[in-house]
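2 protein chains.
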Amino acid sequence: MVRVKLVVSYNGKNFSGYQIQPNKRTVQEEIEKVLEFLLKEKVRIYASGRTDAGVSALGQVIHFDTNAVINEKKLQDSMNALLPSDICAISVSLVDLDFDARFSVKKKTYRYNFYVSKYTHPIFDEFATRINDYANIELMQEACKYLIGSHDFESFVSKKSGKSDFVRTIYDAKIVDIDEGIYAFEITGNGFLYNMVRIIFGTIVQVGYKKLQPKDIERIILSKNRAKAGKTMPSKSLFLKNVDYSV
Amino acid sequence: MVRVKLVVSYNGKNFSGYQIQPNKRTVQEEIEKVLEFLLKEKVRIYASGRTDAGVSALGQVIHFDTNAVINEKKLQDSMNALLPSDICAISVSLVDLDFDARFSVKKKTYRYNFYVSKYTHPIFDEFATRINDYANIELMQEACKYLIGSHDFESFVSKKSGKSDFVRTIYDAKIVDIDEGIYAFEITGNGFLYNMVRIIFGTIVQVGYKKLQPKDIERIILSKNRAKAGKTMPSKSLFLKNVDYSV
Numbered sequence: 001m002v003r004v005k006l007v008v009s010y011n012g013k014n015f016s017g018y019q020i021q022p023n024k025r026t027v028q029e030e031i032e033k034v035l036e037f038l039l040k041e042k043v044r045i046y047a048s049g050r051t052d053a054g055v056s057a058l059g060q061v062i063h064f065d066t067n068a069v070i071n072e073k074k075l076q077d078s079m080n081a082l083l084p085s086d087i088c089a090i091s092v093s094l095v096d097l098d099f100d101a102r103f104s105v106k107k108k109t110y111r112y113n114f115y116v117s118k119y120t121h122p123i124f125d126e127f128a129t130r131i132n133d134y135a136n137i138e139l140m141q142e143a144c145k146y147l148i149g150s151h152d153f154e155s156f157v158s159k160k161s162g163k164s165d166f167v168r169t170i171y172d173a174k175i176v177d178i179d180e181g182i183y184a185f186e187i188t189g190n191g192f193l194y195n196m197v198r199i200i201f202g203t204i205v206q207v208g209y210k211k212l213q214p215k216d217i218e219r220i221i222l223s224k225n226r227a228k229a230g231k232t233m234p235s236k237s238l239f240l241k242n243v244d245y246s247v
Numbered sequence: 001m002v003r004v005k006l007v008v009s010y011n012g013k014n015f016s017g018y019q020i021q022p023n024k025r026t027v028q029e030e031i032e033k034v035l036e037f038l039l040k041e042k043v044r045i046y047a048s049g050r051t052d053a054g055v056s057a058l059g060q061v062i063h064f065d066t067n068a069v070i071n072e073k074k075l076q077d078s079m080n081a082l083l084p085s086d087i088c089a090i091s092v093s094l095v096d097l098d099f100d101a102r103f104s105v106k107k108k109t110y111r112y113n114f115y116v117s118k119y120t121h122p123i124f125d126e127f128a129t130r131i132n133d134y135a136n137i138e139l140m141q142e143a144c145k146y147l148i149g150s151h152d153f154e155s156f157v158s159k160k161s162g163k164s165d166f167v168r169t170i171y172d173a174k175i176v177d178i179d180e181g182i183y184a185f186e187i188t189g190n191g192f193l194y195n196m197v198r199i200i201f202g203t204i205v206q207v208g209y210k211k212l213q214p215k216d217i218e219r220i221i222l223s224k225n226r227a228k229a230g231k232t233m234p235s236k237s238l239f240l241k242n243v244d245y246s247v
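Which chain is which? The protein sequence lines are F and G, in order.
Going left to right, the first sequence walks through residues 1 to 247 as our numbering numbers them.
Going left to right, the second sequence walks through residues 1 to 247 as our numbering numbers them.
Careful: at least some of the hints might be erroneous.
Stated by the list, open to error - Keeping only pairs whose Cα atoms sit at most 25 Å apart, straight-line, the calculated DMTMM-like set for lysine to aspartate or glutamate is:
| id | chain 1 | residue 1 | chain 2 | residue 2 |
| --- | --- | --- | --- | --- |
| 1 | F | K236 | G | E126 |
| 2 | F | K24 | G | E126 |
| 3 | F | K118 | G | E32 |
| 4 | G | K145 | F | E180 |
| 5 | G | K241 | F | D133 |
| 6 | G | K118 | F | D152 |
| 7 | G | K174 | F | D133 |
| 8 | G | K241 | F | D179 |
| 9 | F | K241 | G | D133 |
| 10 | G | K236 | F | E180 |
| 11 | F | K118 | G | E30 |
| 12 | F | K107 | F | E180 |
| 13 | G | K107 | F | E180 |
| 14 | G | K13 | F | D125 |
| 15 | G | K107 | F | D179 |
| 16 | F | K174 | G | D179 |
| 17 | G | K118 | F | E30 |
| 18 | G | K13 | F | E180 |
| 19 | F | K40 | F | D77 |
| 20 | F | K73 | G | D133 |
| 21 | G | K210 | F | E30 |
| 22 | F | K13 | G | E126 |
| 23 | G | K236 | G | E186 |
| 24 | F | K107 | G | D179 |
| 25 | G | K13 | F | D179 |
| 26 | F | K118 | G | E72 |
| 27 | G | K73 | F | D125 |
| 28 | G | K210 | G | E138 |
| 29 | F | K241 | G | D179 |
| 30 | F | K13 | G | E180 |
| 31 | G | K236 | F | D179 |
| 32 | G | K74 | F | D125 |
| 33 | F | K210 | G | D52 |
| 34 | G | K5 | F | D133 |
| 35 | G | K174 | F | D179 |
| 36 | F | K118 | G | E36 |
| 37 | F | K73 | G | D125 |
I should point out that these hints are in silico values taken from the structure, not numbers from a laboratory.
In this text, all values refer to a predicted model and were calculated from it rather than measured experimentally.
Same shape as in the complex, but just chain F:
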């Protein structure tokens, strides 16, 4: 038996999320189907974590075990020939059996694309969420600083989470100027709760609109009260950028 690490990118638009669900189109099912066809055995894949309906990945990491003989380059080519056009295998490599796509994760980085405009933009809106043109980017940048560190993020989690440990460590959080009029909120942490990035960004936007001050982020974290944070931003502009397994 060998363990294989896959890095995949997918466009979340036409998926009901990553995880297999009956009668829904999911990333997991599409990949398992292709692997089972190629390797001629039952395959179960394990990802670094689920992504919700509509969320995309630039570099999701997955592992699976197989008794088949694996040629990494050939497997990647065959997967990409058979996978639907909204999933792509970015890399395929053999790894030690102690590598676990989920439990060996050290850091994950998410990106939330947005643009600043009074009107819905016919091009930008396909991959980014509009925020109003009176938003102050500098204040949003300042608010990001209050996220960094180890905090209890109960204020920024969907009630549907089912989790009870809300402490996560954020290593970096910032607004990145991508291209004329397009920005991204990028956040790196040791793990993220259900809807956490989308709720955090919804709160940062309130700082941009001056409905909150940057340092209010600290107060909202301490409140452990979901009602104090901003709304959950749409999933379409959220991207799992990469997963890091080194310290």
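We have chain F; now place chain G onto it with these hints.
Below, chain G without anything else, positioned relative to chain F:
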């Protein structure tokens, strides 16, 4: 009568180009329909130039004349409330009667988005064209230099053009590194021939693949022979970025 200048952005995906054609969905028709409804008179709009089917615009410039009383801000809001989601009025302003969206143009800038990968990328491919991962970006950058200046571009024009004067002046041409893995070819000139940007970029790609050397661009220009240049790249990744009316 007053003359109004519009800057519009549109997503070319679902249009049969800019210019009105019977039984086709066009940008011109959608804008004229909205203006006629709002101004309650027949309106004919004039753009800086046509864009082909599938080509998008970040800043296309249009003018029209009207006898209606115009409030620029209100007209922009009303237009954006009525226009389909793939067209947006970026600005509306009153201009002198000697301003002509087509004939006053000094410079136009086009952008062609591309990404470098062995496989079709599920996200990037929505707004950029794949070129193979063995392409050498530095050579493509070097090839761009040979475009700058006043040249006869007959080698880079579709036979369907119907034009006889092929001399155009290119002020700038370069490869821009947009974001991890995504690039753009940007070219600024006093005017462009039919399919010219897409054919020039198809030729630059051949330099990236080392099937041509950068200085071959000079030789291809001098040949005035379409067969010497590269293929016409797909329209979906071409954007009219802006039109400049100042010297």
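A quick look at each hint next to the structure:
1. K236/F to E126/G: Measuring from Cα to Cα gives roughly 14 Å; hence the hint holds.
2. K24/F to E126/G: 23 Å, holds
3. K118/F to E32/G: 22 Å, holds
4. K145/G to E180/F: 24 Å, holds
5. K241/G to D133/F: At roughly 20 Å apart (the allowed maximum being 25 Å), D133/F and K241/G satisfy the hint.
6. K118/G to D152/F: 42 Å, violated
7. K174/G to D133/F: 30 Å, violated
8. K241/G to D179/F: Distance ~13 Å between K241/G and D179/F Cα, so the pair holds.
9. K241/F to D133/G: 20 Å, holds
10. K236/G to E180/F: With a Cα-Cα distance of about 20 Å, the restraint between K236/G and E180/F holds, given a limit of 25 Å.
11. K118/F to E30/G: 21 Å, holds
12. K107/F to E180/F: 29 Å, violated
13. K107/G to E180/F: Roughly 19 Å separates the two Cα atoms, so the pair holds.
14. K13/G to D125/F: 13 Å, holds
15. K107/G to D179/F: 21 Å, holds
16. K174/F to D179/G: 16 Å, holds
17. K118/G to E30/F: 21 Å, holds
18. K13/G to E180/F: 21 Å, holds
19. K40/F to D77/F: 17 Å, holds
20. K73/F to D133/G: Satisfied, since the Cα-Cα distance of roughly 15 Å is no more than 25 Å.
21. K210/G to E30/F: Cα-Cα ~37 Å, so violated.
22. K13/F to E126/G: 11 Å, holds
23. K236/G to E186/G: 15 Å, holds
24. K107/F to D179/G: Given pair K107/F, D179/G holds - Cα atoms ~21 Å apart, limit 25 Å.
25. K13/G to D179/F: This hinted pair holds, its Cα atoms lying about 21 Å apart.
26. K118/F to E72/G: 15 Å, holds
27. K73/G to D125/F: Answer holds: K73/G to D125/F is near 22 Å, not above 25 Å.
28. K210/G to E138/G: 11 Å, holds
29. K241/F to D179/G: 13 Å, holds
30. K13/F to E180/G: Measuring from Cα to Cα gives roughly 21 Å; hence the hint holds.
31. K236/G to D179/F: The given pair, whose Cα atoms are some 19 Å apart, holds under the 25 Å limit.
32. K74/G to D125/F: OK: K74/G and D125/F at ~23 Å, within 25 Å.
33. K210/F to D52/G: Outside the cut-off at roughly 43 Å; violated.
34. K5/G to D133/F: 22 Å, holds
35. K174/G to D179/F: Measuring from Cα to Cα gives roughly 16 Å; hence the hint holds.
36. K118/F to E36/G: 24 Å, holds
37. K73/F to D125/G: 22 Å, holds
Hint violations for this structure: numbers 6, 7, 12, 21 and 33, all remaining hints satisfied.
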